[in-house]
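S.K.: Residues per chain, in single letters:
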Amino acid sequence: MYSRFYLSVLLISGLLVLAYLGFTAYDSFMPEWMSYQFEYRDYLTKNAKDDAAKKLARALPLEFTQVYLGEMNKVDRCTNCHMGVENPLMENTRLPYKKHSGNYLVNHPVDKFGCTVCHEGQGSATNTKEAHGKGHDTHWDTPILPLAYVQSSCAQCHDTNMLSKSGGDKVAKGEALFMEKGCKGCHKLKGVGGDLGKPLDKVGRQPIAYFTMKHIVGEHTVFNWLKQHFDDPRAIAPDSAMKVKLGEGEADLLTTYMLTLRPDEKPKSYRRINFNEPPVQNGETLYKSYCSACHGDGKKSLYDEVFKRTVPAIMNPSLLKVMDDTNLDKILKEGRTGTQMTAWKKTAAGLTDEQIKEIVTYMAANRPADRPEPFRLAEFKGDLSHGKEVYDLRCAVCHGTNGKGGEDMLGVSLRSKVVQKMIDPEVLAITVRDGRADTPMPAFGSDPFGMSKQDIADVVAYIKDFQSGGGK
Amino acid sequence: MNETDQTGLSKFAGNVKGLANTFIGSVFRNGKPTSDKTRASAVFNNFFLHIQGVKTHINTLRPSYTLGLGLITFFLLVIVVASGVFLMVYYNPSVENAYQSVKNINQVVFAGKVSRNVHKWAGEGMIVFLFLHMARVFFTGSYKAGREFNWVVGIVLLVLTFALNLSGYLLPWDQLSYWALVIVANIMQSPKELTDSLGLTKYFDVGTYTGNLFLGGSIPTKESLNRVYLFHVMVLPMVIYVVVGLHFWRIRKDGGMTKPDLFNTKASDMGIMVQPKKSGGIFPTHKTYGLMELARGKTPAVDKDVENTVMSWPNLLIAELAVLMFTLAGTLIYSYYMDAPLKEFANPLIPENPAKAPWYFLGLQELLSYSAFMGGTGLPGLALLGLALIPYLDREQDNVGVWFTSKMGKRIALESMVISIIVIIAMLAFAVNFGWLRNWFPEIPQLVITFVNPGTIWVGFMMLWSLCTIRRTGSTRMGAMALFVMFLVSYLILTYFATDMRGPNWDFYWSKSQWPIH
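Chains as they are written, first to last, in the working numbering: chain A, 20 to 491; chain B, 32 to 549.
Bound-form chain A, shown alone (with noise of 0.2 Å):
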């Protein structure tokens, strides 16, 4: 009687509608979580010691609970389903019920520091993918963080002291071996550090999407990107010029060092940080930090197969001989413009005078007692024609013929402006006389060379000529 085709969509449609309806009333009901609460309270209830405990495990609550941290305007749901984390009746029994591993959680309650202050994750999330944010899809920028790692947080709230004392001996590992490898000669950290890489602050909270994940093996999150970055820098991104030399397991220390590094502060009532003085850094420690990853022990002159260029050795005795302290104070201070070094002043990479002369003097504790025999350069005048003559022979094949060295030459640049305008001629005219042992710069004065006391003069004086214009 009733119009068979309208009926029967309306008959099918509300049936569909019923049954979805059903459906999601059901999912709302009866979560994820709800299924572990349910085996957390079986559990309690069968290995109940008396009655009274049974029948108290049997009352358990089923229901929704969260920890709210009002301080740090976070919300930890992870509880709903880590049900027994400080119940230690639940010491041997399976995630995601199980008690929290070592006496941690004595003076970090739950109900204080909630989950992922230590963890990550979204704690907000209330299904496993989602609240351990694994996943590109997740679209989390801090997933949870792997046990290996899971140190750096303590640096949120603990200072390396403490750290290094208890539990967080990682963290404090990873500071020495960032101290020792001698990072800060290219990263700037706080300010201070040179300019070749990038600057570390905030790193270990940068978004995903500041790295370049294409490399990547595996989960493509910040963690794993240091890792990787760390056993093959060059595997990760293409253009670097990192330098690494890590033993075993020393890039998982260097990365968990460079998680702690984040830019949001813990509220005050959660720090625990003494405030000590830093340790203060004496020229040995200066040195490994800001130079060592360059000019290794100073000794000999490496050729650098990034660089393409050769990085000269600063605590060379032949070197140190011919430059008393001032003219390394300047080197250090100013850099070599046209080469990788830079300005270590106070204004630019950010030591201070007195680290600057620390390092100084522990370079120069090297220096040999004996002086070079003086030159007396002032007794000649330089013949620039001459000069060009004997440069364009004798140094033009390391320096280059303009002199400004670099890429693929062996030679430093003569051109900088710690060549021309900071460095005594007379050092230049000795160092050309003598050479450098353990470089590859000969003593042109004596054999095979021979140049005599006017060539070298002639050809200082057409080098010192470059400032003004000369040798293009």
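Check each hint, because a few of them may be wrong.
[As the list claims (entries may be wrong)] Now the stretches of chain A that chain B is said to cover, found in silico as 3 or more residues with beta-carbon under 8 Å:
| no. | segment |
| --- | --- |
| 1 | 137-145 |
| 2 | 156-166 |
| 3 | 332-345 |
Derived by calculation from the structure, the hints in this document are not laboratory data.
C-beta: ideal position from N, C-alpha, C; glycine also.
Put chain B on the given structure of chain A with help from the hints.
M.R.: Okay, now just chain B, sitting in the frame of chain A:
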């Protein structure tokens, strides 16, 4: 006294007994719809139903004629409003809380995720079904014979639907919405390209005015969020309710749905209606009267089609209820499986690459990549104007209510579809392979590119082709047909092209799977 008491009490008891009936009777004053008279009054005495005729033409009830598209669009609006009110309970329109409140809707609100999905997909579904409805109205010639203005009202509804969808896009304050809105802000500021090259910007900077009106600045900020929220939940909905009311009212006043002049019932029509039962009425059986039969104008019952109408109660109401339930089921099932996107918290420092407008504006974004003014203002303005003017430029009145008008109409539609597919793909391939004027003449003035670019050439071709069709066939309806088909095809192809084949830096890729990993 005792006797009166008893009478009074028994009266009272009687009233209590009959409470249910009298209450329902006071709401529905016309009794049970058992006769045509009571069926008629069930419709015209009811506030919600009286916008419909007492009688409905069988053609209107045929699913193959309307396909229920307009009703689906309307019911999607109802669903969007209902789910939107539910979401408003939990949503917090501030930059600090918006993102987390949307997360909370997904994470802890009862049925929150599905509700949000329903809101999102029903809203975007409105665009899809609005276009389908528009196509149906166009191809059956239903913008003619007194319905010209209602077509224009429909175009206004199209713009309002776009605006509602767009304003909702910003509210989650995630990367997706933030960067889509940056693109939209650029689209809004597109008149700047023209005023710049004419040197008018310093006198009349219309691009900046429109951008400021919508976003309260040139980029999305907390000002924009307030503003867009206000548009989304108050201003635009209020406007769309009124315009939808007007649209429906005009359907009735313009004479109901169109139907072919030569209409014959078919055996299959019995499946979509209740057999008329001509008993129990006060009117003679060989004659029908409805309230509207006494009114002036083209009402369903005055004309010769009287025989082919049936009572709206229950025929039309069952059909409408079926479409409502069908829409509800479709939305619910789609939303149960497909999650509305929610990306990272908005970060003005990390541009999405590619940053894309919502999908329904991606065709415009593709045109925008050729010329900002034309893609953002010129061509869409022209398209809307062209659509709105169709009923006034094509005034042929024959074969209204017939799909594609005639055999020739079908041929022209097919022909235009094939031609437009070929031409637009060729045009895109050319632009992708060889670039455009700027690549060959770097010094060329921007004004030339504004007026000569793949977008304008395509639109010019469409208009030319349409004029040729009018000349060839001698029919304006055929010209309109060609133009409309080409418009639909280009909207579809440009949208698909810009969605899938434009990757990072707006470079061409064969598919999304080839986009480079960042």
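S.K.: Given as covered by chain B, does the segment 137-145 of chain A meet the bar of three residues or more with CB within less than 8 Å?
M.R.: holds (count 3)
S.K.: Given that the segment 332-345 of chain A was listed as covered by chain B, double-check it with a C-beta distance under 8 Å for 3 or more residues.
M.R.: violated (count 0)
S.K.: Between the segment 156-166 of chain A and chain B, are there enough contacts, at least three residues with CB-CB distance under 8 Å, for the coverage claim to hold?
M.R.: holds (count 3)
When each numbered hint is compared with the structure, a violation occurs for hint 3 only.
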